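**Q** Kindly produce the complete structure, drawing on both the sequences and the hints.
Protein chains in written order, with our numbering: chain A, 6 to 328; chain B, 1001 to 1292.
It is worth saying that the hints were derived from the structure and are not from the lab.
Just so we're clear, the structure is a prediction, and the values are computed from it rather than from any experiment.
Among the hints, erroneous ones may be present.
As the list claims (entries may be wrong) - Example chain A residues on the side facing chain B (calculated, C-beta under 8 Å, incomplete):
no., residue
1, T100
2, R104
3, A112
4, A113
5, T120
6, G141
7, D185
8, D202
9, D219
10, L286
11, L292
12, G294
13, L304
Cβ coordinates follow ideal geometry from the N, Cα and C atoms, glycine included.
Single-letter residue listing:
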Amino acid sequence: MTNSGVLVIGEVRGSDPAPRTLELVAGLRDQLEPLGESLSVVLPAGADLGRLGAHGASSVIEVSGAEPPGAEAIVAGVRMALGDDVPRVIAASDTYLGRDVAAQLAAALGAPLVTACERLSIDGDSSLRITRACFGGQLSSPAVVAEGLLVATVREHAFRASPRDGAPAPAVSRVEPTPDDRIEIVGREAPDPDSLDLAESSVLVSGGLGVGGDEGFALLDRLARLLGGTTSASRAAVDQGWVPKEKQVGQTGRNVAPRLYFACGISGAREHMVGVRDADLLLALNLDGDAPIMREADLAAVGDASEVLPRVLQQLRQSGGQQ
Amino acid sequence: MKVAVCVHRILDPEARLTVDLDGRLDVDGVTHVLDPVDGAAVEAAVQACEPSGGELVAISAGNGEETEAALRSALAQGAGRAVLVAGDAAQAGAVASRLSAAIEREGGIDLVICGATSTDYGGGATAATIAAALDMPVVHDVVAIGAVEDGRVAVTRRRDGGYRERLRVQLPAVLAVDRLAANPRFPTTQARLRANRAEIEDVAAAGSGIDEVSSAEPEPLFQPPPPKLHGIPWPSANLNARDRLRFLVQGGTTRAGGGGPVTGSADDVATAITSFLRDQGFIETANSGTGR
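**A** In structure tokens form, the structure reads like this:
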């Protein structure tokens, strides 16, 4: 039996498929289209499927049951849905959940697992070419997989999301796996801002010299909590002793990739900016309208953090309702 | 409680690695160290054994002195015994099947602990493969191992975005730990000396029936180009000299941005920031994030 088609392990953010899932689906669609092979997506039940169709999913397998389903439920759901039809690739995002599910599927199906793929291309003659990052991204390793099933986790931004108008709605089926009673999920905890790792946070409120001191950082902390994120700092603020070194972003600190990087009182020296290159959105608040960071920001605002931030906090509380 | 911890050594991840034209790693002067995630696994295993005064066995599969050195590190960190499964183990699947055979041979193991994702090639199938071979449940990315109650161990695993899931897992089980699970202790000199003198049991030599696996050709490697993220990190030829310099000074960040900075009274600026946050959907995040 030759393996055909691709199965994507989808993730959700809110009620939508996660952007990295849409990227993965769109990238694989572009490669499968010339071959006429199908693209299925496994997704926790309840997500909005319209955008998956637009990005190229031909069928969607919803996993219902636990809310939200843990890795075990997804693995069981995939095994139920697959039956005897084994695709040529099972692709997941290179996230904690994605690697977990991928490792369990690879072990269960006796397939090789390749993590942290930066490229994955499917050739007509049923071979696959992949490039994965290794040694912490210092080196890349290419490989060709000739035949059989490959389980791969693909890094974010390996492909580009590209919705198409008028794409047919995907066929939806639903599986309800019986949970493995050996593993029982007893609780799920939201991140605690105090112990949240900078690289894990989707919102970073970052302060520099312009924040002025501990009082200013207390404001940043309250703002970060309101936005569900954590605080970080520039080297200048760390050198002043206002924040611990673990919070430092930039060349001598951490590289971060949040959805929002809110820089308060940070001028944006090169050494700082290389650490925030991967941020989706950059919001800068600085007294000096000519500071380098202002030209890079998606929104640049001129003002004193100690005057502006209390007002932002107040407005957020009003619009956010009963916080 | 009887715990097995699986360890291996890798090229020092802190070292700067280069490859030659054939894609082979230039390993001159690069030392091997215990994979840091395995160091965390050993410490987590030691801590899991402590309350019950249990037995901790370190297991490693492979050939040569690196495998032995990995086991001696684990012994110095607190493992009671060390078991080596000799044989070439270039492929991840071969390592996992050797480890499972050794665990099965050992017998009576309640908990198998290993690193979730190796620091060198990012392999992460070992735990799941062992679990499948021995028909045990597996939990990945474990950051905390708690008490055992009614034959179930409490564990916390790491999920994306800083989330944590608390689980209860029936023993025997395989736990693949994250580096956050424990800080490896620094062994005392006495512990090191004891570890160096300790006997390492070679189970393959003892006729365990573990098959030889042929060695695989190492994969060619290459140095990736520097990351290309938001746009191309070098200045456009259309820029004048001043803007090119500015681009370089800004660390190669380029964004759509636009509109120039917002100025005005503190109230105006605050309003602009709030509406930006609302337009980008961060305020809804705040509401759901605080769990009202």
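**Q** So, A:T120 near chain B? Judge it on the closest CB pair being under 8 Å.
**A** A:T120 check passes; min Cβ-Cβ to chain B is 4 Å, inside 8 Å.
**Q** Please check whether A:G294 passes as an interface residue: C-beta within 8 Å of a C-beta belonging to chain B.
**A** Status holds, d = 5 Å.
**Q** Once the shortest beta carbon distance from A:D202 to chain B is found, is it less than 8 Å?
**A** 7 Å, holds
**Q** Verify the interface restraint on A:L292: the C-beta must sit less than 8 Å from at least one C-beta of chain B.
**A** 11 Å, violated
**Q** Under the criterion of a CB-CB separation shorter than 8 Å, is A:D219 in contact with chain B as hinted?
**A** 21 Å, violated
**Q** Are A:G141 and chain B close enough, Cβ to Cβ, to be under 8 Å, as the hint says?
**A** For A:G141, the interface hint holds, since the closest Cβ of chain B sits about 6 Å away, which is under 8 Å.
**Q** Mind checking the CB of A:R104 against every CB in chain B and telling me if the closest is under 8 Å?
**A** 5 Å, holds
**Q** Is the interface hint satisfied for A:L304? The criterion is a beta-carbon contact with chain B at less than 8 Å.
**A** Hint holds; A:L304 Cβ to chain B Cβ min 5 Å, cut 8 Å.
**Q** Hold the hint about A:D185 up to the distance rule: shortest CB distance to chain B must be less than 8 Å.
**A** 6 Å, holds
**Q** Taking the least C-beta to C-beta distance, is A:A113 closer than 8 Å to chain B?
**A** 6 Å, holds
**Q** Was the hint right that A:A112 lines chain B, CB cutoff 8 Å?
**A** At 4 Å from the nearest chain B Cβ, A:A112 passes the 8 Å test, so the hint holds.
**Q** A:L286 was flagged as interface toward chain B. Is the shortest Cβ-Cβ separation under 8 Å?
**A** Hint holds; A:L286 Cβ to chain B Cβ min 6 Å, cut 8 Å.
When the structure is compared with the earlier hints, violations turn up for hints 9, 11 and for no others.
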